[in-house]
Amino acid sequence: MDSLTEINRQDGAPELRARARWLYVILALAITVLVARLVLLQVVEGERYGFLSEHNRVRIKRMPGTRGMIYDRGGHLLVDSRPSFELLFVPEDSDEPENTLRSLARYLERDEKELLDIFEENKKRQAFDEIVLGRDVDWNTVVAVEAHQLDLPGVTVRVRPRRNYETGPTAAHLLGYMGEVNQRQLKVMKDDGYSVGDEIGQFGLERRWEAVLRGQSGGQQFEVDALGRRVRVLSEVPDVPGQTVHLTIDRDLQEAAYEALKGKHGTIVAIDVNNGAILAMASAPTFDPNVFARGIKNDEWKALITDRLRPLANRAIQGQYPPGSTFKVIMAIATLEEGAMHPEAYIHDPGYYFFGNRQFRDWLKGGHGAVNLHRAVVESCDTYFYQAGQRLGVDKIAKWSRAFGLGEKSGAALDDEKGGLIPDTEWKRKRYKQPWLPGETLSVAIGQGYVTATPLQLANMMAAVANGGTLYRPRIVSKVSSVDGTKVQEYPPEKIRTIEIKPETLRRVQNALADVVTNARGTGGAARSPLIQVAGKTGTAQVIEMKGAYLKSEQLSYFSRDHAWFVSYGPVQNPQIAVTVLVEHGGHGGEAAAPLAKKVFEKFAELQKQPQDRRQVAGAGTQRAN
Amino acid sequence: MDRRLVSHFDWVLLLFSLALAGVGVMTIYSANYNVVTGHAGILPVRQTMWLGLGFIAMMAAISFDYHYIDRIAFPFFGIMLVLLIIVDLVGHSGGGSQRWINLGFFRLQPSEPAKIAIVFVMAKYFQQDEPPKGYYLRDLWIPALLVGPLVFLTLIQPDLGTAIILGIVFVSMVLMGGLRLRSFSYLVLAGLAVLPLGWRFLRPYQQNRVLTFLDPDRDPLGAGYHVIQSKIAIGSGQIFGKGFLHGTQNRLDFLPAQHTDFIFAVFSEEWGFLGCVALLLLYFAFIAYCLRIVQRAKDRFGALLVFGMTAIIFWHVVINIAMVCGVLPVVGVPLPMVSYGGSALASMMFAIGIIMNVSMRRYVF
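Chains A and B supply the protein sequences, listed in that same order.
Position 303 of the first sequence, counting from 1, maps to 303 under the numbering used here, and the rest follow consecutively.
Position 89 of the second sequence, counting from 1, maps to 89 under the numbering used here, and the rest follow consecutively.
No lab work stands behind these hints, which were simulated from the structure alone.
Backbone N, C-alpha and C fix where the C-beta goes; we use that ideal spot for every residue, glycine too.
Fair warning: there could be bad hints in the mix.
As the list claims (entries may be wrong) - Chain B stretches covered by chain A per the calculated footprint, using a threshold of three residues with CB under 8 Å from any CB of chain A: (1) 148-158; (2) 273-285; (3) 318-325.
To be verified - Computed from the model, here is a short list of chain A residues facing chain B with C-beta under 10 Å: (4) Leu16; (5) Arg17; (6) Arg19; (7) Arg21; (8) Leu23; (9) Tyr24; (10) Leu27; (11) Leu34; (12) Arg37; (13) Arg48; (14) Tyr49; (15) Ser53; (16) Val291; (17) Leu421.
Claimed, not checked - Quick list of simulated restraints, FRET-style, between CB atoms: (18) A:Ile305 x B:Ile156: 26 to 32 Å; (19) A:Arg561 x B:Tyr205: 53 to 59 Å; (20) A:Arg21 x B:Leu192: 26 to 32 Å; (21) A:Asn298 x B:Ile156: 39 to 45 Å; (22) A:Val44 x B:Tyr205: 29 to 35 Å; (23) A:Ile305 x B:Ala285: 58 to 64 Å; (24) B:Phe240 x A:Asp151: 34 to 40 Å; (25) B:Ile156 x A:Thr32: 52 to 58 Å; (26) B:Leu192 x A:Ala413: 45 to 51 Å; (27) A:Asn122 x B:Tyr205: 28 to 34 Å; (28) A:Gly263 x B:Ile86: 30 to 36 Å; (29) A:Gly419 x B:Leu192: 38 to 44 Å; (30) A:Val488 x B:Leu192: 26 to 32 Å; (31) A:Ala303 x B:Phe240: 54 to 60 Å.
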């Protein structure tokens, strides 16, 4: 062995060997420093630290920043936070947790078993985690716990801000709700300071604007004694309240839309035609976000998510429906712009149209007779648009649809928006690897077949028709301000594009849309109002997909009924607001949807009459409410 | 396989590794032990699985002649670079930083094997006989150009701890490779000049940690709080410790990342000063043993490889323990072989495998 090492030394690395000797010195130095530190911590100061860890425990209490408020455009409070009390229990702070809970039950006159059950359910938690025995408890509970603190080791009361939705279910989908931060979110956002049990925006604006609304947690570091009572505060960091979000929504209009939808399933969207501001967005069926604020119970949550009517879906942006005859607005514009039909050319409608060997029927049995573009829009003549569509071809239809924002997400700052679908030959080749069939163009021409759109998209389309061809990005937040009212960020109107249309085309289409409501033969007569002149287009969308095989007959008939549409704007002479109504399985658009739009328009007209005092309220809205 | 390789298998290194890994699994068990349920969950089991994986890596690392590394050093380095770029672009995000590539069954953290890649290329570069008075600064261009991007990519993940380790291993290798004294002082000055630049790459919470270290009262609830709690845990272990599974600070959830970077605090609380000194001695005996292999290596290349791997282990141990004891700012550096984590454990065992490789072949010609 020795001889081998001898040989080794001959080649090897002599310089390195010499340097390596120094490394032992460095090593010895490092170990000396670390051991010296350990001597200091564990031997010299060991007793002090031992005392800190055994007798007086240092604890930390985080205080989440007060969440920002949400106001409507007029400065009316929509959402704020109010203090509420939580009853907490840390079993490790009590020698006999069960007995403590029994005493507590006696003082509170609460059911003993209920408290013990909560304790039992939480057996598997981390040691020293608090068990929440009650949320939003009343003042008497607070007093009782404070008064009998000596008898109740480990029981504490904590103040917690709780979200308060002034409008209740009225704007639930829009505002969203709060919930406890989940494991996945915790992983992603740990460095943002979230910890188990924190509330976080889970849906709607609460989620989308979480970063703005949230504020920063503060906290206290304090010592507690053996009973879990605080001995002294070691340090404190104040919390920073969240910022205030100002919406473009009008509370009263939202209320009107919500009321109009009562007892129905569907959605109403109202947009300011001149800047894309969303004035109202209601979806039904709805839910009460305040239920989430007080802590939703398991069965309540299950009921919400398993409901076949999907009350948690925001139909305005997530519902993708065939637009039906409302699509004829696009068709009319495309027809005129592309010269597919002369505007005054008449076709004859016997009530059907033969294409190939297939008969495409008009909704009106017996037909509309001689029809030009104007009448075709007013009476919603299918036969006319079958022919127009045939002449245009699907790709030109798609081009004009996309120009008006269909087939893509509008980019409104709302989560989970869907894009709808505008088919063309390219799309079908990619999606189905098949060529486009000319017959399919005819279905598309009346807004059926593959075409789908969201109600928000159609509202935005009508806004562009009304304002002369400018497509704005729908906007929900107008500005963000800090708590003291100073402006932090403003969100001005944003143009998506200006659509190149001849004024002549727009004039004709707008006239036809006005006649839909005012003409005796128009399909939208139900939207006629003495307060405001409305232009619009009805639609009745066939529900092609019927998944209801396992449903009872009366349910089946409901779910296979047509969707009713009404897309509109007003006032005709000076358009300001575009309103889209969709009633799921409501039947005909003229009967089921147009009257709902009328209610929203009339509310709008009424609100327009009192602009002055509304503006004053808006100024006050930037002050902190409490 | 050459019989002599089997007979020269380095059992001492294997025993050191297994002893440290044993301490690791035991302490991870303790860190996750729940008094109420009496269970420690899945993490100690997983760590044992990683240990098995690490053993395979270790065996792979001894299965070939280490001179082969001369040929694979650049390709291996290239792969690490690409993996780090992938991580920064699309990596799995956890805890606010992108450090992982999700392989489904396993989240690979490429910055761990990157440490090994640096040692490979540096050993390759410095294996040539050094000039009589050492290398000039201009001789460092190539290694610096290689290592620079790696450090940068790690820093922007951001993973300050690993970036520091990468940099410090680089400097260690340069010094070991042989640098002129004057060139060395230039290097130190340049390092100081770059410091403020590096500062800007840190996330606010990292800057906060460093500032808090300099002034502990700055953030007693956040970064400072962790160190205070860690010190209470270590200190309260006193001389004899509270005993296995009897630590209280750890259980209170006071310790941040108690099974990863702060595992030493959990260990200290339960095993006290005596246990800590024993663990430190174990580490340093291990490192001293590796230095002996450096001295006895057959050639310069082997010596540099072993030195590099040893430097990785040494700096991890020193920085981690110093950080947990409040001697250095809190940067994320795991305790080798002990902290929870698959990529770190497997890489560390691969590194030890390389040391074994050189050790076994010092008699082979």
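Quick rundown of the hints versus the structure:
Only when three residues or more bring their CB closer than 8 Å to a CB of chain A does the claim for the stretch 148-158 of chain B stand; here the count is 0, and the claim is violated. Only when three residues or more bring their CB closer than 8 Å to a CB of chain A does the claim for the stretch 273-285 of chain B stand; here the count is 6, and the claim holds. Requiring three or more residues with a Cβ within less than 8 Å of a Cβ of chain A, the coverage given for the stretch 318-325 of chain B holds, as 4 such residues are present. The criterion of a C-beta within 10 Å of any C-beta in chain B is met by Leu16 of chain A, whose closest approach is roughly 5 Å, and the hint holds.
Look at Arg17 of chain A: its Cβ gets to within about 5 Å of chain B, closer than 10 Å, so that hint holds up. For Arg19 of chain A, the interface hint holds, since its Cβ comes within 10 Å of a Cβ in chain B; the closest pair sits about 6 Å apart. Hint status for Arg21 of chain A: holds, given a least beta-carbon distance of 8 Å to chain B, under 10 Å. Because the closest C-beta pair between Leu23 of chain A and chain B is about 5 Å apart, less than 10 Å, the hint holds.
Below 10 Å, beta-carbon pairs count as interface contacts, and Tyr24 of chain A has one with chain B at about 6 Å; its hint therefore holds. At about 6 Å, the closest approach between the beta carbon of Leu27 of chain A and any beta carbon in chain B falls short of 10 Å, and the interface hint on this residue holds. Here the hint on Leu34 of chain A is kept, as its CB sits about 5 Å from the closest CB of chain B, short of 10 Å. Evaluation of the Arg37 of chain A hint against chain B yields a held restraint, the C-beta minimum of about 5 Å falling below 10 Å.
Against a cut-off of 10 Å between C-beta atoms, the interface hint on Arg48 of chain A holds, since the closest Cβ of chain B lies about 7 Å away. The beta carbon of Tyr49 of chain A comes within 3 Å of a beta carbon in chain B, closer than 10 Å, and the hint placing it at the interface holds. A cut of 10 Å between beta carbons decides the hint on Ser53 of chain A: the least distance to chain B is about 4 Å, and the hint holds. Because the closest C-beta pair between Val291 of chain A and chain B is about 31 Å apart, greater than 10 Å, the hint is violated.
About 28 Å separates the beta-carbon of Leu421 of chain A from the nearest beta-carbon of chain B, more than 10 Å, and the hint is not met. A hinted range of 26 to 32 Å for the beta carbons of Ile305 of chain A and Ile156 of chain B is inconsistent with their spacing of about 40 Å. Arg561 of chain A and Tyr205 of chain B have their C-beta atoms about 56 Å apart, which keeps the hinted 53 to 59 Å range intact. At roughly 28 Å, the beta carbons of Arg21 of chain A and Leu192 of chain B sit within the given window of 26 to 32 Å.
Roughly 43 Å separates the CB atoms of Asn298 of chain A and Ile156 of chain B, a value that falls within the hinted 39 to 45 Å. With their beta carbons about 32 Å apart, Val44 of chain A and Tyr205 of chain B fall inside the hinted range of 29 to 35 Å. In this structure the supplied range 58 to 64 Å holds for Ile305 of chain A paired with Ala285 of chain B, their Cβ-Cβ distance being about 59 Å. Between Phe240 of chain B and Asp151 of chain A the beta carbon distance is about 38 Å. The supplied range of 34 to 40 Å therefore holds.
A C-beta distance of roughly 36 Å is found between Ile156 of chain B and Thr32 of chain A, which places it outside the suggested range of 52 to 58 Å. Checked against the hint of 45 to 51 Å, the C-beta distance between Leu192 of chain B and Ala413 of chain A comes to roughly 46 Å, which is consistent with it. Here the CB-CB span from Asn122 of chain A to Tyr205 of chain B is close to 31 Å, well matched to the stated 28 to 34 Å. For Gly263 of chain A and Ile86 of chain B, the Cβ-Cβ distance of about 54 Å falls outside the hinted range of 30 to 36 Å, so the restraint is violated.
Take Gly419 of chain A and Leu192 of chain B: their Cβ atoms lie about 54 Å apart, and the range 38 to 44 Å is violated. A hinted range of 26 to 32 Å is violated for the C-beta pair Val488 of chain A and Leu192 of chain B, which are about 39 Å apart. In this structure the hint that Ala303 of chain A and Phe240 of chain B lie 54 to 60 Å apart at CB holds, the actual value being about 57 Å.
Going through the hint list in order, the structure does not satisfy hints 1, 16, 17, 18, 25, 28, 29, 30.
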